[in-house]
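Chemist: Please build the complete structure, drawing on both the sequences and the hints.
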Amino acid sequence: MNNKEFLTELSGKCQMSPEVAAGHVQTLIGVMENLWNSGDSVSLSGFGVLEVKKKNERVSVNPTTGIRMLVPPKLVLTYKPSSLLKEKLK
Amino acid sequence: MDKKINLSQLADLMSEAGGMSKVASEQFVKNFFDIISKGVLDEGIVKVKGFGTFKLLQMENRESVNVNTGERFTIEGHQKISFTPDAELKERINKPFSAFETVVITEEQSAELSDVEITKEELPTAESDNEETVRIEEEIGSVETGSVEAESSEAESVEPVVVNKPEAKEPQVKEITQKRGTRILLKIVVYILSLILVACLALYLLWPLVGKALIKSYADKSKPAVETVKPAARESIQVIEEAELEVEEAKPVIEEAKPAVEEAKPLVEEAKPVVQEAKPVVEAPKPVVAEPKPTAANDAQPFNLNQEDQAKALSKFTEADTVNYRIAGRLAVHTIEEGESLTKISNKYYGTKKLWPYLVKYNNLGSSNSLMVGSKINIPRLVAK
Chain C
1 MNNKEFLTEL SGKCQMSPEV AAGHVQTLIG VMENLWNSGD SVSLSGFGVL EVKKKNERVS
61 VNPTTGIRML VPPKLVLTYK PSSLLKEKLK
Chain D
91 MDKKINLSQL ADLMSEAGGM SKVASEQFVK NFFDIISKGV LDEGIVKVKG FGTFKLLQME
151 NRESVNVNTG ERFTIEGHQK ISFTPDAELK ERINKPFSAF ETVVITEEQS AELSDVEITK
211 EELPTAESDN EETVRIEEEI GSVETGSVEA ESSEAESVEP VVVNKPEAKE PQVKEITQKR
271 GTRILLKIVV YILSLILVAC LALYLLWPLV GKALIKSYAD KSKPAVETVK PAARESIQVI
331 EEAELEVEEA KPVIEEAKPA VEEAKPLVEE AKPVVQEAKP VVEAPKPVVA EPKPTAANDA
391 QPFNLNQEDQ AKALSKFTEA DTVNYRIAGR LAVHTIEEGE SLTKISNKYY GTKKLWPYLV
451 KYNNLGSSNS LMVGSKINIP RLVAK
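Going down the list, the protein sequences come from chains C and D. The numbers in the first sequence follow this note's numbering, run straight up by one, and end at 90. The numbers in the second sequence follow this note's numbering, run straight up by one, and end at 475.
Among these hints, one or two may not hold up.
[Claimed, not checked] Below, in silico cross-link-like pairs of lysine-lysine (DSSO-like), each with a Cα-Cα straight-line distance of 30 angstroms or less: (1) Lys80/C with Lys112/D; (2) Lys94/D with Lys54/C; (3) Lys180/D with Lys4/C; (4) Lys170/D with Lys90/C; (5) Lys145/D with Lys128/D; (6) Lys80/C with Lys94/D; (7) Lys145/D with Lys86/C; (8) Lys13/C with Lys145/D; (9) Lys74/C with Lys93/D; (10) Lys86/C with Lys137/D; (11) Lys170/D with Lys53/C; (12) Lys74/C with Lys137/D; (13) Lys145/D with Lys53/C; (14) Lys74/C with Lys185/D; (15) Lys90/C with Lys94/D; (16) Lys277/D with Lys74/C; (17) Lys74/C with Lys180/D.
For the record, the hints were derived by calculation from the structure and aren't laboratory data.
Modeler: Shown next as structure tokens:
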């Protein structure tokens, strides 16, 4: 399912045009981004948790050349599916 | 900060930002995530522009080990939902840390690390030198306090280094590599100290076995000294009894020495907690510890000897090397070379500097200053009395 198909389905369900739906999607993402930036996590029952995690810096070694690199710390958006959704996979 | 935002809260925020009614926005958010989860389950992949990609991944069977029992078992293949955020979104999320770059670690920095490994090797050998002395038990105590302290203070000093401020907009990458370096150094030092601690504890536990053997061997050495003071009077059985009594007497004396060491501890604790100074701290109690040893030697022999005899026995014991020989003929003729002294010659022929007076005696040398380069002196053959 690509972005276009996704928007069509979403607009069909909410009874709005795909263009309007696209706008709302961007607003929603913007709202969630603000939450993540302030350190909050978005938790939706039946879907999962979307939160920002800090990955520590680490030393990685290139296996072929043996060059050691210090990879800097970073903030990563992570998704953890809810157990309800995992159950459906089986 | 660190709040969990649920569906209704998200819908509220959404309606504020997007000009939708609360009911409509809640419906919208619900549909948004429902379609994503449905799409992932049905089609295996959902792409949302500006957000990211949800994908269904097939995990193969794999082997694993039960940590508790060590049993091998297979983890069944299963499906997993993965999420990859959009490159743009990823970048925006990581904005606070965007100033960091991956750095290649240079030779210098890895050399710094190997330096520490060398000192790590030095430390245990210094420790093993002391293992053969009677003091070791006391040292264990002091080393323990020293290293434990050092560890705790390190733990404190490590923390500020670890802390990374997400607020820092323009941190220096170099500074971070340095911080990383010092942290690794600290870790290694902590590791070394804990190794020493473990070694000392092992020794401490084995002390009853090792210690007895040491004290016995000491008692055996002191036997001949006792015999020279009163040669005829002692019967061999008595001597053996003495030795055994000495062993028993020596034990409480060694234990008495402990309080002295414990007194030294507060001094050690006052010492600075910095990592580099941990080594001096560990060594500090030694002089204090050294004192109880002579007392142990003195008190070990009071049974059959009065004070005077005891003093003689002691002096004879220490001078045994220089008095207990008699000259029996000539061993060699030595031509004196430049830079040689009687002690050096003595060391060369007898393996000890102490026996140089025999050279003076045998050659009738008035003063040892009168030696000339090229002159010859006779080396006596020494036989133990």
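Chemist: Now, for every hint given, state plainly whether the structure supports it.
Modeler: Hint check results:
1. Distance check on the hinted pair: Lys80/C and Lys112/D sit about 27 angstroms apart at the alpha-carbon level, within 30 angstroms; holds.
2. Of the supplied pair hints, the one linking Lys94/D and Lys54/C holds, its CA atoms being roughly 17 angstroms apart against a limit of 30 angstroms.
3. A distance of roughly 22 angstroms separates the Cα atoms of Lys180/D and Lys4/C; the hinted pair therefore holds under the 30 angstroms criterion.
4. Between the alpha carbons of Lys170/D and Lys90/C the distance comes to roughly 10 angstroms, so the proposed pair stays at or under 30 angstroms and holds.
5. For the given pair, Lys145/D sits about 12 angstroms from Lys128/D by alpha-carbon distance, which is consistent with the 30 angstroms threshold.
6. Between Lys80/C and Lys94/D, the direct Cα distance comes to roughly 14 angstroms. Compliance with the 30 angstroms bound is thereby established for this hinted pair.
7. Between Lys145/D and Lys86/C, the direct Cα distance comes to roughly 13 angstroms. Compliance with the 30 angstroms bound is thereby established for this hinted pair.
8. Between the alpha carbons of Lys13/C and Lys145/D the distance comes to roughly 22 angstroms, so the proposed pair stays at or under 30 angstroms and holds.
9. For a cut-off of 30 angstroms, the pair hint linking Lys74/C to Lys93/D stands: about 21 angstroms separates their Cα positions.
10. The suggested pairing of Lys86/C with Lys137/D holds, with an alpha-carbon distance near 19 angstroms, which does not exceed 30 angstroms.
11. For the hint pairing Lys170/D with Lys53/C, the CA-to-CA distance comes to about 20 angstroms; that is within 30 angstroms, so the pair holds.
12. Taking the CA atoms of Lys74/C and Lys137/D, the gap is about 24 angstroms. The hint holds against a cut of 30 angstroms.
13. Pair hint Lys145/D plus Lys53/C holds up; C-alpha atoms about 20 angstroms apart against a cutoff of 30 angstroms.
14. Proximity of Lys74/C to Lys185/D is assessed by CA-CA distance (about 9 angstroms); at most 30 angstroms being required, the pair is judged to hold.
15. With a C-alpha separation of about 28 angstroms, the suggested pair Lys90/C and Lys94/D falls inside the 30 angstroms cut-off, and the hint holds.
16. Between Lys277/D and Lys74/C, the direct Cα distance comes to roughly 23 angstroms. Compliance with the 30 angstroms bound is thereby established for this hinted pair.
17. Between Lys74/C and Lys180/D, the direct Cα distance comes to roughly 10 angstroms. Compliance with the 30 angstroms bound is thereby established for this hinted pair.
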